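Got chain A; can you put chains B and C on it based on the hints?
Here the protein sequences line up with chains A, B and C, keeping their order.
Residue numbering for the first sequence follows the numbering used here, starting at 19 and increasing by one per position.
Residue numbering for the second sequence follows the numbering used here, starting at 782 and increasing by one per position.
Residue numbering for the third sequence follows the numbering used here, starting at 54 and increasing by one per position.
Everything labelled a hint here was simulated from the structure, so no lab data went into it.
Please read these numbers as outputs of a predicted model, since none were measured by experiment.
For each residue, glycine too, the CB sits at the ideal point set by N, CA and C.
Each hint should be verified, as a subset may be incorrect.
In silico SDA-like cross-links for lysine to any residue, where the CA-CA straight-line distance does not exceed 25 Å [claimed, not checked]:
(1) B/LYS1228 / C/ASP115
(2) B/LYS1187 / B/SER1220
(3) C/LYS156 / B/VAL1232
(4) A/LYS114 / B/GLN956
(5) B/LYS1230 / C/GLY127
(6) B/LYS1091 / A/LYS114
(7) B/LYS1018 / A/ALA54
(8) B/LYS1228 / C/THR301
(9) B/LYS1091 / C/LEU210
(10) A/LYS114 / B/PHE1015
(11) B/LYS951 / A/GLN66
(12) B/LYS1230 / C/GLY140
(13) B/LYS912 / C/GLY109
(14) B/LYS1121 / A/THR63
(15) B/LYS933 / A/VAL211
(16) B/LYS1104 / A/LEU193
(17) B/LYS1238 / A/THR77
(18) B/LYS1104 / A/PRO190
(19) B/LYS1230 / C/PHE320
(20) A/LYS67 / B/ASP1011
(21) B/LYS1228 / C/GLY127
(22) A/LYS67 / B/LYS951
(23) B/LYS1358 / A/VAL211
(24) A/LYS114 / C/LEU210
(25) B/LYS1146 / C/GLN124
(26) A/LYS114 / B/HIS1031
(27) B/LYS1091 / C/GLY127
(28) B/LYS1230 / C/LEU106
(29) B/LYS933 / A/ASP124
(30) B/LYS1358 / A/TYR196
(31) B/LYS1018 / A/ALA127
(32) B/LYS1018 / A/ARG71
(33) B/LYS1146 / C/LYS156
(34) A/LYS114 / B/GLN1029
(35) B/LYS1018 / A/THR308
(36) B/LYS1228 / C/GLY109
Label-pair restraints from in silico Cβ distances [to be verified]:
(37) A/TYR22 / C/THR252: 43 to 49 Å
(38) B/ALA1293 / A/GLN68: 36 to 42 Å
(39) C/GLU192 / A/LEU163: 33 to 39 Å
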Amino acid sequence: MLRYTLRRLSFLPIILLAVSILTFWALRVLPTGDIADVIGGSNATAEQKQAIRAQYGLTQPIFPVTVSAEPPFIEFHKDSQYGTWLVDALQGNFGKQYSNGVSVRDEFARRFPASFELVILSLVFSVVFGITAGILSAVYRNTWLDYGVRSFSVLGTSIPEFFLLTLLVIIPSYLWNYAQPSGGYVPVYEDPVRNIRLFLPPALILGLAGSSALMRLVRTSMLEVLRSDYVRTARAKGLREWSVVMSHGLRNASTPILTAIGTAFIAVFGGSLIAEQILSIQGVGLYFFTETFSRDLPVIQFLAVYTAAVVVVVNLIVDLSYAWADPRVQYN
Amino acid sequence: MADNELGLRYWLNDRISRRRMLGGVAVGGAAVAAAGLVGCSGKTSNPTTSTPGAGGAPTPAHVLDGTQDGPPTHLGGILRTQQATPLPSMNPFGPSILALAQGLTLGFTVFDHMWYVPTDTGEVELFLATKLEQPDPLTVIATIGDATFHDKAPVNGRAVKASDIVGSYKRFAQQLPIGFDWLHDIMQDIVAPDDHTVKITQKRNWAWVMTSSNAGSPWSSSIIPAEVVDDDNFLAKDAIGSGQWVLQGHDNGTNIRWRKFQNFRQFAGTKAIKGQPYLDGIDTKAIADGAPALAAFKANEIDAYGFQNKSEADDTARALGDKIVVSSDLARDFYCLMLKYEPPFTDERVRHAFNLLINRDEVIKLAEEGSALKCPPVPPAQLKYQLPANDPDLMEYYRYDVADAKKLLDAAGFDYNQTHELKHSVRPGDALISQILQSQLQRGGVKTKLVPEDLVKWFSQSLGTGNFHMTAFDQLPYEDPDFPMRFFLAGSGTQKNFMGYDDADVNAAIVAAAEELDEQARIQKVLTAQKTIIKKWAPMLNLYSPINYGGRYSYVKGSITGRGSYGLFNRTTWLDKS
Amino acid sequence: MATIVGRQQVAQAEAYELPSTRPWYRKAITLARDNPLGTLSLLVVVLFVVLGLFGGAIAPHDPTALDANAQFLGPSLAHPFGTDQLGHDMFSRVLAGARIDLKFGVIVLFLGFFPGIILGVLSGYSGRWIDYLIQRSSEAWGAFPQLFLLLTFIAALGPGLRTAEAVIAVGALFSGSRLLRAVALIERHKEYVMAARSTGASEFRLLWRHVVPNVMPYILVGFSAIFAAAIAIEATLSYLGLGVAPGTPSWGHDLSANLNAGQQYPFLVIFPGIAISVVILAFNLLGDSLRDILDPRLRGSTGRSR
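Extracted from the complex, chain A is given alone in its bound form (with noise of 0.2 Å):
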């Protein structure tokens, strides 16, 4: 266990290697927003563009290692875009943001509790009706709460959520001059309701999208479960109904629920973005949103590092917890 643990854990920084080269890569060698455009307007010569790319190190050769079909073929540099920015984020450092010299890992910080807060909501939400109503649609098939726990589910995953969160801002204020909070982030422990009226809307709409795959997936494992020779042997010992689901249904169920949560998770991650652009919530979707408008590349190749680290870490934690939830798992 504990050398498997190791083993996914040393390919963490080899993901992430790839993706800062990958994004490094495709932000800087593909066409479009040229920050010397950008910030010098129509009129900057050619000169006063290259000096504005210089000030921003983009002059420099962009990895270490340039490859060319001519001699020398291969040419290192010293000096590298690439390396850096490696060798700086490799000390906590990811550079500044273009538009005022704010530090992406400052700004990041600043931003990440209001993010966190949302997914982690979110995620609790999709978990537990993901959970209970796929218990109570496979424990009570064919009846009429299966169907509406069904129909409530694929209604989940149908309608997208940025329609649900412009109604959330739209029918109130239409109905009664009430407004979903927009705009700021207060913490919990400064004022618990401005809070939970900022978060608890928006989340419950991200958990309902994100649970409906999970609850699929509870259903059909619980069925399967339910109908093993195993709970047919509990039943028989005359074990109540519940006390069968709970302990052995769910438990042997929980290999592909806790993938389907690693699942929810990544579409609640990604709602989030969407519900703080509607919302105006100053966190890190948001943030990724406002800079690929600006060419922002420090702020962007920060995020993209930091999505595959969340997803990695994520999937890791998925895996090693099968484990801890079905010791028939080996890992070796």
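Okay, now just chains B and C, sitting in the frame of chain A:
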């Protein structure tokens, strides 16, 4: 030309969700955040509509100003407003294309100025200056009163000196790229003979020297302390000035918090400012989109809001009753269709025909629900400089006649099979206008193809470099009649103007007005210049200036509305929540 | 275990290889009767495709025609979904809006899903290192939230549906390959394949004659999933202003274009939103129903078994 200003606004709008700009809130670009600050219409800052203008000006619903609310019983309160656009930086100097929003937002709040010329009166109003002399047309001498900077490191509340003013002007002159003709071409030098005197010399006569597009700009006349004026690292994150508001804090350009500057202009000046500003502070709330902002206004989470259009204002007024006050202003920005000076638009008849095909009434109805005024070469908000409504040239400019247009096109041998590209940015306002123009031109058999472009690309690679055949967009709100006319003026460089248009008569008429120092004579010359532009069918066809609607809760007292940008310097607002 | 598999195969055979004594339409009617929801969703999908192809022509008004005398009209007989600021007939725009989604979906199918199918069958059938490579890349790609991936690529390539098409197509490529790989893995060990192989049939022939027809139903399931996802992405991007050009009839764009007016005239937001939701719902339900029909293990649990 004014492309730097333009660039900033477009750039800024683009970096935020485009949806935010669907309504009008963002139209004013940079000034928007500031406009909301003082509880006047958030859309843009505008002069009054209650003054007789180019005809058909609406009567504002309940226009209030500082004097109509009676003596304040309890002064103070913190005003909450929407901030639609995050400021990328706090640096008023740039990086160049970014500078306008931050420059204006801080210029109206944190930084003080020597004087200001409100667009509606056109008269100089002294701010920090106590005396302004012009011994000869080329010299301006200002005497400044006693004032201190905000008490923040490294300036620590020291007195404002004339040398600070000189340093600030010089840095603006050196930093801002072309677009500020006065700073670059007209100003000869600026010096400080002593701590209380500033002397400006000019290279040649320049009638518009005092106005806000020139030496009195709310942006480039900002007074910034010498300690930080060259420190870009400091300026990027913080601001110190001597204006009425101290920048208390912000979250990387959003949720800006201002607090009252207790020692604001402590001298016996021409205006009583004791105790002003009345408000304790202003808090902005980052709400990018119009819909959540309106919802927040209706739920009283913000105190003031700029409506998208009249029906939204009416609807909200119905919903909230006398809890809110709605005011309206005529904007100084204007929509235009620019034709590149290339075939077939080198033929005057084709340009005339295109103008005949534009039904301005319909454009206004569709785009603004009828709340707008048609715009001659000088926007209608420049009240003194309007041609009379019965002027034959003006009437011809506004005439809509498809049959006549076709006759002209036929006479010019216009090729109806050619498809004309109409480039526009994806800003909703521009896209809307372009769609409307396309269908109107279609009625004359003119085929157009809409080419939407990313805002940055459209500005920097299409408009700015003259790389378009036709383009339609919303111009900035300029503060004097000269600036909008300069779009027709051929400059000296390789790029004459955006359209590549160069007409000796038009050039001469515009320059003549700018160099005429006598006001009455100048007004006549501006009118003549406009008539020349119209008669030549110069290739920028102006469409309209919108009327904006703003709302605020009725406990917000003492707001100045209907005075354009001047309202942004408002010091008399207070909240009466008793 | 073996007996269970045997039973499944019988059930599967019954499901869509019914004795030829019954004409195909009888089979279809039976199938439809047993799957009312699936049938309904199939009808919606067909309607969507018809609208996508002819929506602009069927529409009672030109979806881009302006009318200064018909601004912000409420729903009525003349304008069932009302009109927007420019006097556009929203009903016509909703009809015409299907086109952009159909186009987007089809492009993603051709660019991504179909190559993905081939890749998947190859990968599942051949095994070895190709399989490993495709598998790992597919996992890595699938792990990222699509929106974040899209934003990164938009930052590099600029906004517009072209970028989105490329990114979503790569996703579809992988999901297609994943789906078909699993199916191919199962199929190639099945008795009929083994039997065919033992008679000396060539591998390619085997693939073409036996494996492909048997995986066809799964392709249909994948088809509807891809379409549902593509429509959701197009709508989201257009909503965020990263998709279609302004003025183009598109449900996501119309929803966002009317966002501000939505507080006065909620129908302007609600109708395009419902259109998106209904179509995605139909594709999802169609996929579910197909899965139910094809995967007999679940049939007992759906309440629709005979």
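For this session: Just pull the numbers of the violated hints for me, sorted ascending.
Result: 5, 6, 9, 13, 15, 19, 21 and 33
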